[in-house]
Amino acid sequence: MTAFFQSLGLSYEWAWTIATLAGILIISLLVMFSVAMVIYVDRKVLGAIMMRRGPNVVGPFGLLQSFADGLKVFLQETIIPSAANKGIFLLAPIITFTVALAAWAVIPFDAGVVLADINVGLLYILAISSMGVYGVVMSGWASNSKYPFFSAMRASAQMISYEVSIGFVLVCVVLFAGTFNMSGIVNAQQGFGLGVINAYVVHPLLFPMWVVFFISALAETARAPFDLTEAESELVAGYQTEYSSMAFALFWLGEYANILLMCSLNTLLFWGGWLPPLDWAPLYMVPGIIWFLLKTFMFFFMFSWIWATVPRYRYDQLMRLGWKVFLPMSLLFVVLVSGWLMLTRYGV
Amino acid sequence: MIQAIAFYFFATIVVGAAVMVIMAKNPVHSVLWLILTFFNAAGLMVMVGAEFIAMLLVIVYVGAVAVLFLFVVMMLDIDFAAMRAGFIRNVPLGLAIAAVLLAELLLAVGAYNAGGITLGAPDGSAMQAADVSNIEALGALLYGRYILLFEIAGIILLVAMIGAIVLTLQPPKLGARARQDVGKQIRRRPEDATVMKNPEIGRGVEL
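So the protein sequences, as listed, match chains A and B.
Residue 1 is where the first sequence starts when you use the numbering used here, and the numbers rise one by one after that.
Residue 1 is where the second sequence starts when you use the numbering used here, and the numbers rise one by one after that.
Possibly wrong hints are sitting among the right ones.
[Claimed, not checked] Short derived list, chain B residues pointing at chain A, Cβ under 7 Å:
hint, residue
1, Met1
2, Ile2
3, Glu51
4, Phe52
5, Val58
6, Ile59
7, Val67
8, Val132
9, Ser133
[Unchecked claim] So these bits of chain B aren't anywhere near chain A, every CB distance computed over 10 Å:
hint, residue
10, Val100
11, Leu142
12, Ile165
13, Val166
No lab work stands behind these hints: they were computed from the structure.
Glycine included, each C-beta is placed from N, C-alpha and C at the ideal position.
Using the sequences and the accompanying hints, generate a full structural model.
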C-alpha cells in the first residue's frame, strides 16, 4: 500500500504513514464487523445446542441483532457511580478495547497481508495480551465496589497463571519454526507433516502443546468453563457490574476481539494459518484468507460449543490446572522438543 | 521527520509520567503512571532498534512486575496524610540518590563520548552484521561469550525462588483440617455419595 501512496507523489515517509493509518483503519473495521457477526454466531450456536431459536427477529435470520444491540447501548446513558475513581473508571474500558485491537497489527491474514511484519511478532502479541489485564484490574478497583474488586483479583491471577504456560507453549512452536515472525512461523509449516500436511499440530510433540494452548486460551479470555471473573451466581457480572452504555460495550467488544485473536493464534501457530490443509497444488487455488477465516471460525465454533456444554470450574481447580498440570507439562515439553530438534535437525 | 516526532512524543511522555509517579497523591495512580513510563520507554527502545529488549520490557515489567506492584498497593490500607508526613525528613536521602544516579549517567555518557569503550564489538573483533536480528545477536552473546555469567544469574534466581517458597511454605499443622486430596475428589462417584429412594406416599424414608 505504501507504493500506491508513493505513486500519488508523496514522499516515502508520508506515504508510509498514510498507508499504515489506512491499514489500521481497515483492520479495525473488519475486526469490529467480524466481532459483531461472531457475537451473533455465538448466540445462535448456544441457542441451537439448548434447542432454542436464538436471535431471529432483527433482519433476515436475526443477522442484524448485534447491530441493534450496538445501537441500543450507544443511545443509553453512561452512569458513573459517585464513589468511583472517575478517570480510571473511564480509562479501563478504553484500555481493554485498544489492547484487544492492537494485537491484530502482527496477524498475517494471507501471505504478505499483514500490517507490521516485525521480527518479534509473537513476543509483541505476548506483550500486548499481558497489557490486557490492566483494563480488568483498573475497572475492578476504580468501581469502588466489592464484587468488581473480587472479580478483578480473580481475573488478574487467572490471566497471569495461564500466560506462563502459554509462554512455554509458544517457546515449543518457536523452536520448531526458528523464528518469532508470524509469517515465518506459518511458512515453516508448509508440508510439515510427512511432506503433505500443512500444520504443526500433527507432530506428536506439538499435539499435546496445542491442547494446552487451546485450554489456556479459554482461560486467558475468561471463557467458559473458566469464566470465574463473571460468575453470575457469585459476583453479579464481575468487573463490569458498575458499567453501563458504551463503556460496557467496549468491554464486551474487547472481550470478543480477544477471543477471535486467540482463535486466529490457534490457526497461525498450529494449524497452518492461510495455507490449505494439504500441500497439494489445486488447494492453493482457494485464496489464503478463505482458509485462514475458515480455520479461525472453526475454533470460534469450538469456543461456543464448549461454552454450551461444560460446567464452570471451581477457582482452586483452575489454579491447580494452571500451575500443577500445565506448567510442569509445558516445561517438560520444552525440554523434549529441544532435545528432539537437536537429535533430528541439528545433529547431536 | 517522523522519527523525530515519535522520539519527542515518547520521550516527553516518559519524563512527564515519571514526574507524575512521584507527584501523584494516590499510590495506585503512581503505579499506573509508572506503567505508562515503562511502556513508553519500550517505545524508545524500539526506536533505537532494540525491539527484542523492548518487548521483554513490556512482558516482564508491565505484564508481570507492575501487576504485582498494583496488587500490593491496591490491597494496602493506606493513609495518604501519614505517608506524606515524612516528606521533608526524607528529602535529603532522595536528593542524594538522585545525585548519585545523575553522576553515574553523566560518567557513562562521558566515557562513551570519550571513546573509552567500543560498543558493539563484544569479542574485540568486528561489529555484529547489520542483518542479524536482535534475538540472534543477543542469543549468540548470552550463550556464547557470557554463558558462565548467564548460568550464574540463572542459579541465583533459582536460589531466590526456592528461598521465597521455603519462607512461605507452612508444614501442615497437627490436628488441622485434612488437606485436599484432588485424586480422591475426582475418584468420588455419585453412587458413593447419594442413595436413590422411591418412598411410598405418606411414608417417610429410612436411611
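Each hint, compared with the structure:
1. Proximity of methionine 1 of chain B to chain A holds as hinted, the smallest CB-CB distance being about 6 Å (cut-off 7 Å).
2. Residue-level restraint check for isoleucine 2 of chain B holds (minimum Cβ-Cβ distance to chain A is 5 Å; threshold 7 Å).
3. The restraint placing glutamate 51 of chain B at the interface with chain A holds, with a minimum CB-CB distance near 5 Å, inside the 7 Å limit.
4. For phenylalanine 52 of chain B, the interface hint holds, since its Cβ comes within 7 Å of a Cβ in chain A; the closest pair sits about 6 Å apart.
5. Contact between valine 58 of chain B and chain A, as hinted, is supported at the beta carbon level, the nearest pair being about 4 Å apart and thus within 7 Å.
6. Interface restraint check for isoleucine 59 of chain B: the shortest CB-CB distance to chain A comes to about 5 Å, inside 7 Å, so the restraint holds.
7. Annotation: interface hint on valine 67 of chain B holds; nearest CB of chain A at approximately 6 Å, less than 7 Å.
8. Of the supplied interface hints, the one on valine 132 of chain B is violated, with its beta-carbon coming no nearer than about 10 Å to a beta-carbon of chain A, more than 7 Å.
9. With a cut of 7 Å, the hint placing serine 133 of chain B at the interface with chain A holds, because the nearest CB-to-CB distance is about 5 Å.
10. The claim that valine 100 of chain B is not at the interface with chain A holds, since no C-beta of that chain comes within 10 Å of its own (minimum 31 Å).
11. The Cβ of leucine 142 of chain B sits about 15 Å from the closest Cβ of chain A, beyond the 10 Å cut-off, so the non-interface label holds.
12. Once the 10 Å rule is applied to beta carbons, isoleucine 165 of chain B is consistent with being away from chain A; the minimum gap is 12 Å.
13. With a least CB separation of 18 Å from chain A, valine 166 of chain B remains clear of the 10 Å interface cut-off, as annotated.
The structure does not agree with numbered hint 8 stated previously, though it agrees with all others.
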